[in-house]
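Engineer: Taken in order, these protein sequences are the chains called A and B.
To convert, note that position 244 of the first sequence is 244 in the numbering used here; the numbers rise steadily by one, no gaps.
To convert, note that position 215 of the second sequence is 215 in the numbering used here; the numbers rise steadily by one, no gaps.
Misleading hints may appear alongside valid ones.
[Stated by the list, open to error] Computed spacing ranges between beta-carbons, pair by pair:
(1) A/Pro103 - B/Gly96: 43 to 51 angstroms
(2) A/Leu283 - B/Gly185: 46 to 54 angstroms
(3) A/Ala134 - B/Leu236: 32 to 40 angstroms
(4) A/Gln161 - B/Leu124: 33 to 41 angstroms
(5) A/Phe126 - B/Leu152: 21 to 29 angstroms
[Claimed, not checked] DMTMM-like, lysine to aspartate or glutamate: derived pairs with alpha carbons at most 25 angstroms apart:
(6) B/Lys151 - A/Asp207
(7) B/Lys81 - B/Asp32
(8) B/Lys81 - A/Glu170
Hints are computed from structural coordinates only; laboratory data are not their basis.
Bear in mind that the values here come from a model prediction, so they are computed numbers and not experimental data.
Where a beta carbon is used, it is the ideal one built from N, C-alpha and C, also for glycine.
So the chains spell out like this:
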Amino acid sequence: MRPCGVFDERYIQDIAIVRTWQHWLALIGALVILYTFPFYGSYYLISLINLLSILIIVILGLQIVMGYCGQISLGQPAFMAVGAYTSAILTATYGISFWIALPLSGLSAGIVGMISGAPSLRIKGFYLAMATLAAHFVIMWIIMHLKITGGIQGLHPPPPQIGNIVLDTEERMYYLIVTMMVISTFAARNLFRSKVGRAFVAINDNDLAAEVMGVNLYYYKLLAFFISCVYAGLGGSLWAHYYMVVHPEQFTFMHAIWYVGMVIIGGMGSIPGVFFGVLFVRLLDEIVLFSSPMLSSLFPWLGPGPGAALGLSAFGMALLLFIIFEPRGLAHRWEVIKESYRLYPFAY
Amino acid sequence: MEENRHPLEVRDLYLRFGGLKALDGVSFHVKDGEILSIIGPNGAGKTCLMNCISGFYKPQQGEIVFEGKQITRMPPYKIAKLGISRTFQNIELYTGLSSLDNLMAARHIHMKRGALSACLFFGLTRREEIEHRKVVEDIIDLLELEPIRKKLVALLPYGQRKRVELGRALAAEPRLILLDEPMTGMNVEEKEDMARFVLDISELKGIPIILVEHDMEVVMDISDRVMVLDFGHKLLEGLPQDVKDNPEVIRAYLGAGEEEEE
Ligand SMILES: Nc1ncnc2c1ncn2[C@@H]1O[C@H](COP(=O)(O)OP(=O)(O)O)[C@@H](O)[C@H]1O
Ligand SMILES: [Mg+2]
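Start from the sequences, fold in the hints, and give me the full structure.
Structural biologist: Below you can see the structure in the form of structure tokens.
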């Protein structure tokens, strides 16, 4: 999307992500703010960005398989758990470096995800959602019953280390997490201006046409699950070393719904949509948490802590409203706003 | 070898749906660079034949040989890779994508860079994108799609969609094109354009084209040969003029021709 009067003279300009100097300025500005933030940001905001960034990595993965390739998956928290536990076991139990454990957790989650995604070769939509949900419960059951995962107690992975620097504070983890988030975003963005990304979109849009144009549906559906779950696994690994604890309660069925909700609210098939979705749902949660003590004092009959239930209802309500009134999500709103900027000053 | 002189050879094809014989022992071939039209009343089995060639239907008997290779029960994506491309009677485009992206998606079989390289998108992948973009832009020029190249297919009128679909089939750089009723539902002007494009493609690319079409006038004008199907049988094949004058064709066609529309 460009302002009026900017035209592409060469194809290389047409496919570039960043096109005008205003774009470059905005991008560099955003990166500078992001990377200097720990110097002036509050502790609360830094930890919030840490959490949001991990979620963004995981939801980017879900966006790839669900928003782009059209294969609904309720297994994302379980795949995240596979990554988190792989990383925790490798570092805490076997003393392997985090920097080796991180890619391996992506890989293990990718493989488990690909196997769980195999039913997509046969079934679609609601049935696939059920199949991935089943995968979620099977994976979580296995994790809870294995010795090596520490059962209900979970594991305590150590913080990552660069040379002598131990990344054990919010600020230090911040750089690692944010860098991973930035790389993940660019990788996802690039994927969708290549053969692979286009094949995913083609399968989602019209699988019959995709097949007749030479797309091997089996291969690309499994690849979509694989890539999606590598994202989940990487996010899971970061999660494990950021919180320095992993246990099954962190990866529940409820999270699966939340994640799918983030994709829908943000906008299916949109990378900015991932940011909008994660931000919206988290902010909603923060607002509810914030206002819940006040609500308790205003309406004593609600009891002392309506927070949890209220958060869920607010989320459910938002999801419902989006599905009815803005099924293309916040990303679509954003496109509309950008479009009016593009036509400025010749709006019509 | 001797037998496989022609790009496409279909021998003794049988396709049944339960008791219905959709194709009942059909044999024919397509010669190098020719436009072969297949005509016949609705339900004659023309689309079924296309679907067998492109791999969507698996015939119970018979064989299909493309450039000397057995493709009879191959999955569609492999057949596409071998160089057979097609359009559909009911248009099967990616409606959520622009015309340009629909054509770019057709370059799939010629692109080599995998997922990892794509995620990094430096150098090689980008150079590949640009090379393929050039091929696609040439087709956009040929089919006069410039005004709609960035338009979403979902927003295009029917006639233009048919043209985009032809462009997509062409963007795969096939060595055989199947066109299933590319002119149905078009007005006279659009039909003329489409006929011109089909002739242009045939002339420029020199690839054989199988054209399924109802409009007898167009068929007689642009085909090198015509084959007539009726109830899954091949009634006859020959030069347009011979087919046109054949009394059997006139009977079969005029007998069931009235309810031609979808
Ligand atoms: N998938 C299918 N299942 C059952 N019958 C089919 C199927 N596809 C086509 N047929 C039948 O096969 C016959 C030939 O159809 P078709 O090839 O579409 O005819 P046309 O010559 O009009 O393209 C018709 O009687 C049609 O009902
Ligand atoms: Mg038909």
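Engineer: If a hint holds in the structure, say so; if it doesn't, say that too.
Structural biologist: Checked hints:
{"no.": "1", "hint": "A/Pro103 - B/Gly96: 43 to 51 angstroms", "result": "violated, 34 angstroms"}
{"no.": "2", "hint": "A/Leu283 - B/Gly185: 46 to 54 angstroms", "result": "holds, 50 angstroms"}
{"no.": "3", "hint": "A/Ala134 - B/Leu236: 32 to 40 angstroms", "result": "violated, 57 angstroms"}
{"no.": "4", "hint": "A/Gln161 - B/Leu124: 33 to 41 angstroms", "result": "holds, 35 angstroms"}
{"no.": "5", "hint": "A/Phe126 - B/Leu152: 21 to 29 angstroms", "result": "holds, 27 angstroms"}
{"no.": "6", "hint": "B/Lys151 - A/Asp207", "result": "holds, 21 angstroms"}
{"no.": "7", "hint": "B/Lys81 - B/Asp32", "result": "holds, 19 angstroms"}
{"no.": "8", "hint": "B/Lys81 - A/Glu170", "result": "violated, 52 angstroms"}
Comparing the model with each earlier hint shows violations of hints 1, 3 and 8; every other hint is respected.
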